[in-house]
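Trainee: For the protein sequence lines, the chains are A and B, in the order given. Just so we're aligned, residue 1 is where the first sequence starts under the numbering used here, counting upward by one. Just so we're aligned, residue 1001 is where the second sequence starts under the numbering used here, counting upward by one.
One should not assume that every hint holds.
[Said to hold, decoys possible] Result set (SDA-like, lysine to any residue): computed pairs, CA atoms no more than 20 angstroms apart in a straight line:
no.	chain 1	residue 1	chain 2	residue 2
1	B	K1013	B	F1050
2	A	K63	A	K3
3	B	K1057	A	G95
4	A	K57	A	R42
5	A	K55	B	T1112
6	A	K57	B	T1038
7	A	K57	A	T20
8	A	K3	B	G1058
9	B	K1013	A	G41
10	A	K3	B	G1040
Everything labelled a hint here was simulated from the structure, so no lab data went into it.
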Amino acid sequence: SQKIEQNSEALNIQEGKTATLTCNYTNYSPAYLQWYRQDPGRGPVFLLLIRENEKEKRKERLKVTFDTTLKQSLFHITASQPADSATYLCAPPGGTGNQFYFGTGTSLTVIP
Amino acid sequence: KAGVTQTPRYLIKTRGQQVTLSCSPISGHRSVSWYQQTPGQGLQFLFEYFSETQRNKGNFPGRFSGRQFSNSRSEMNVSTLELGDSALYLCASSLDGPSGNTIYFGEGSWLTVV
């Protein structure tokens, strides 16, 4: 069955540094993948979508890569700020319609 | 444009009772999906409705059901509540594009079963 793994449950970095989060998937080849941010007690907020024919996608300080050979997506936040502290989820689609598999998320803490 | 609206935001129920949660999607979105989020399991897909028909279903028991109305609003129902049903229930809506559908979540309904 499909499996989504995100690196270490918690990641602490110093303000101003680049945070890199990893999402690995096995047993299938999604045509695209999405990244979401979730704050405690809130619903996930969509950040970026990257398709299999796009190696890289950027939005302001965010960058996502998608390596279909490695079956991996990397999510980068450059010049990180304390306000970036949240849980980040990767979500490739699962089958037909709008069913998605969500990773368990990586909790990012940016230390001032 | 208003986002996905879920009601109620918080509720407490007793084991054995049933509960109905409501979701109003973003205007123009015809796909509504439901997810359960717990600390141990993360986000788990419950089901998806499109044009009043269930299009996908996750691996949950039959106690979990849903429906969608002609205005795309959706409800989910959990009968015979168990303690393990305590979770954040999230609704998400989406346009049904040809490729790469993004789903947009509401703030969720916190259900506590005691």
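Trainee: Determine for every hint whether it applies to the structure shown.
Mentor: A quick look at each hint next to the structure:
no.	hint	in the structure
1	B:K1013 with B:F1050	29 angstroms, violated
2	A:K63 with A:K3	23 angstroms, violated
3	B:K1057 with A:G95	11 angstroms, holds
4	A:K57 with A:R42	25 angstroms, violated
5	A:K55 with B:T1112	43 angstroms, violated
6	A:K57 with B:T1038	30 angstroms, violated
7	A:K57 with A:T20	14 angstroms, holds
8	A:K3 with B:G1058	15 angstroms, holds
9	B:K1013 with A:G41	19 angstroms, holds
10	A:K3 with B:G1040	16 angstroms, holds
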